[in-house]
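Quick mapping for you: the protein sequence lines, in order, are chains A and B.
According to full-length UniProt numbering, the first sequence holds residues 1 to 370 in order.
According to full-length UniProt numbering, the second sequence holds residues 1 to 388 in order.
Hints should not be assumed to be uniformly reliable.
Result set (EDC-like, lysine to aspartate or glutamate): computed pairs, CA atoms no more than 16 Å apart in a straight line [to be verified]:
hint, chain 1, residue 1, chain 2, residue 2
1, A, Lys-275, B, Asp-272
2, A, Lys-287, B, Glu-292
3, B, Lys-132, B, Asp-270
4, A, Lys-287, B, Glu-295
5, A, Lys-316, B, Asp-272
6, A, Lys-256, B, Glu-305
7, B, Lys-181, B, Glu-157
8, A, Lys-275, B, Asp-270
9, A, Lys-366, A, Glu-345
10, A, Lys-316, B, Glu-295
11, A, Lys-287, B, Glu-305
12, B, Lys-143, B, Glu-157
Just so you have them, the derived chain B footprint on chain A, three or more residues with Cβ under 8 Å [said to hold, decoys possible]:
hint, stretch
13, 262-273
14, 281-295
Rather than coming from a laboratory, the hints here were simulated on the basis of the structure.
Quantities reported herein were computed from a predicted structural model and do not represent experimental measurements.
Every residue gets a Cβ at the ideal spot worked out from N, C-alpha and C, and that includes glycine.
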Amino acid sequence: MSKQLMGVINLIHEPDELETLTDGRCLATVPFGARYRLIDFTLSSMVNSGISNVAVFAHTKYRSLMDHLGSGHHWDLHHRQSSLFVLPPIADDMSDLRKGDLYHFFQHRDYFMRGQAEYVVVARSHMVCNIDYEDVLRQHIETSADITVVCKRQDEHLSGRARKVRLDERGRVVSMQDHYGRLQSDLVSMEMYIMRKELLLDLVESSLAQGQDHLVRHAIMSRLDTLRIQGYLYEGYLGIINSITSYYRNSMELLKPQVWRELFFKPGPIFTKVKDEPPACYLEGAKTGNSLIANGCVIEGTVINSILFRGVKVNKGAVVRNSIVMQNGEIGIGSALDHVILDKEVHIEAGRDIRGVSDAPFIAGKRKVI
Amino acid sequence: MVRKEMLAMLLAGGEGKRLGVLTKDVAKPAVHFGGKYRIIDFTLSNCAHSGIDTVGVLTQYQPLVLNQYLGIGSPWGLDRRDGGMSVLPPYVKSKGGTWYKGTANAIYQNLGFIDRYDPEYVLIISGDHIYKMDYSLMLEEHKKQQADVTIAVFEVEHKDASRFGIMSTDQHGRITDFQEKPKNPTSNLASMGVYIFSWPVLQQYLIRDEADLGSSNDFGKDVIPAMLADDMKLSAYAFNGYWKDVGTIESLWEANMDLLTDTPQLELNDRDWRIYSVNPNRPAQYVSPQAEVSESLITEGCFIEGAVHHSVVFNGVEIGEDAIVMESVVMPGVKVGAGARIYRSIVGEGAVIEAGVTVGSPDGNKITVVASDDYVGGQTELMEVEQP
Chain A
1 MSKQLMGVIN LIHEPDELET LTDGRCLATV PFGARYRLID FTLSSMVNSG
51 ISNVAVFAHT KYRSLMDHLG SGHHWDLHHR QSSLFVLPPI ADDMSDLRKG
101 DLYHFFQHRD YFMRGQAEYV VVARSHMVCN IDYEDVLRQH IETSADITVV
151 CKRQDEHLSG RARKVRLDER GRVVSMQDHY GRLQSDLVSM EMYIMRKELL
201 LDLVESSLAQ GQDHLVRHAI MSRLDTLRIQ GYLYEGYLGI INSITSYYRN
251 SMELLKPQVW RELFFKPGPI FTKVKDEPPA CYLEGAKTGN SLIANGCVIE
301 GTVINSILFR GVKVNKGAVV RNSIVMQNGE IGIGSALDHV ILDKEVHIEA
351 GRDIRGVSDA PFIAGKRKVI
Chain B
1 MVRKEMLAML LAGGEGKRLG VLTKDVAKPA VHFGGKYRII DFTLSNCAHS
51 GIDTVGVLTQ YQPLVLNQYL GIGSPWGLDR RDGGMSVLPP YVKSKGGTWY
101 KGTANAIYQN LGFIDRYDPE YVLIISGDHI YKMDYSLMLE EHKKQQADVT
151 IAVFEVEHKD ASRFGIMSTD QHGRITDFQE KPKNPTSNLA SMGVYIFSWP
201 VLQQYLIRDE ADLGSSNDFG KDVIPAMLAD DMKLSAYAFN GYWKDVGTIE
251 SLWEANMDLL TDTPQLELND RDWRIYSVNP NRPAQYVSPQ AEVSESLITE
301 GCFIEGAVHH SVVFNGVEIG EDAIVMESVV MPGVKVGAGA RIYRSIVGEG
351 AVIEAGVTVG SPDGNKITVV ASDDYVGGQT ELMEVEQP
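Chain A extracted, bound-state conformation (with noise of 0.2 Å):
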């Protein structure tokens, strides 16, 4: 089945609002879940849905990217029977990256028309979910749709803002609207859809010929009536992350168990560039509860209600409350962060007191030292 589907990982114009987290990395670079970056969901999600080719869109800040995904080693994409291409745009004027994603997506049409696969389905980086897409491939072929967009019932979206959809009765997409429109709906466009290549491939030139270049805003927004575009729905954890504050709670719900559990491990494992650090160490007088702390930490002061990436030393007498340390952060001797996002590498001296709320978290950027 997997042979039938490959993925696009479309990171074309996708919003890059996270304040200082965005300012050197693409949204899909942003570190989550105290060991991963956003992409990894999605690819991940791939992966384990048996489909061998991959491709990332890539659009601008991509260093990281390129940095992070390599040769797709860490998630098996490097075989001969699988591949994983990372394509940065193809522009012959800097005007040619405000284009719209058509316009990417048919200066990219080689790899489609390179891949085996009968379908495609494509996705964005910044819904942070585990799915597997062969179910939603089946249910595509079942009910003989053009195509198949995944969608959740969801009516807490954590300051996440995502597309609004509305189904018949019969799955059926009859309206769908940007998320500042005036539908009411409970249900969420995940941003991804399963079509034939062939359709896609269709879309892409004859909306290009139209003067339209966006694949969901004009290709498919428009096409509902001629179109039979079907719902999938989705039951699991999905975090919508396109703003600060929609980052920061949906990382504050990894701190559930029942969330933990799901994420990480249903239906498969997320896979990410692995680091070679050794085991989390507690010392004598750490206090840790309620957090997700990776390896590599050194921990001698307080840890509550907060997520710790990998290498993240606390000292003694620090206390790290609902906050958020990036990769090889240190926080010195005594010092007190509550609500605070730290960038990676950020060095809090001794003895500093650091605060923000709940709705504005206070945000250090990459190896700021404070």
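Model the placement of chain B on the given structure of chain A, informed by the hints.
Okay, now just chain B, sitting in the frame of chain A:
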């Protein structure tokens, strides 16, 4: 073949009998250690950090887990076009073929492998020991001394000397005497089982050793004494770091506990000397609001709701509410039920400890062992080992 200056032959066929149920299904080098590693990771990482890119791993006893773990050597940077890792089990030849009879015979049977790289030097190491060592410095010393063989040694306490191969040296570090586990040791320099041979010398002595039908085909017992008798140049290379043979239940438990001291002699969190291993790809560990963790090493994928003190906990372990784990080593995937107590124990991979059950005792000097995949209920009898 591209010529190599030095390649490593890593002896990994050890049965590890004295580890009892922990080596029931795995060779000793594949035994778990230090929260996320297997014993062999230490020597393989040493090779990686010493710039050795060709390693022959000699396997024999229960190789299934070990072979799978080693794969093509990628975690240690040994998936190379030229050289890299080769797993070398005993094999059938046109005239018979035998198991590896001893350490020297294991290398003898693979002379052909070494010859393909035509090295100048051969490093012989064992996959049973925990230590961090730069073999390239030892090679420099070997060259400087123009030795035929250089043996790494470290100082042990005089009272322990009779448990090791003991070397006496002159003031220039030349070995004058070697005794395997002597009753009355005359020196306290113990062999670490790390040898650098000049290749032609090794070849010559292995062929001679094989021809001697009375030989036990062992480096310590036969080859080194034969070289001494011939007045070859045997040089000692002093090593000052942490070294431990984790061949027994007590030493395995102790070596794990050694990692939990304030400033451990063996620093795992050393950015310049990472210990590489196969990473299991699990999410970060979750520590619940009621959990208490101190003086411990805990790995990714764990779900901790109880209390963990002075313990080493491997990946994917679940410790239930109100459970207590003290002074113990808990291997991957173990489930500890709510309210269970584990004291001074080694719990094998995948074991399940039923809720409310007590394993081991906080007092005394006994270490309790739970075998891999065991289910421990109230009535289960467990193996206990007395600490010497």
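Outcome of the hint check:
no., hint, verdict
1, Lys-275/A x Asp-272/B, "holds, 13 Å"
2, Lys-287/A x Glu-292/B, "holds, 7 Å"
3, Lys-132/B x Asp-270/B, "holds, 11 Å"
4, Lys-287/A x Glu-295/B, "holds, 11 Å"
5, Lys-316/A x Asp-272/B, "violated, 24 Å"
6, Lys-256/A x Glu-305/B, "holds, 13 Å"
7, Lys-181/B x Glu-157/B, "holds, 14 Å"
8, Lys-275/A x Asp-270/B, "holds, 13 Å"
9, Lys-366/A x Glu-345/A, "holds, 6 Å"
10, Lys-316/A x Glu-295/B, "holds, 13 Å"
11, Lys-287/A x Glu-305/B, "holds, 13 Å"
12, Lys-143/B x Glu-157/B, "violated, 30 Å"
13, 262-273, "holds (count 6)"
14, 281-295, "holds (count 15)"
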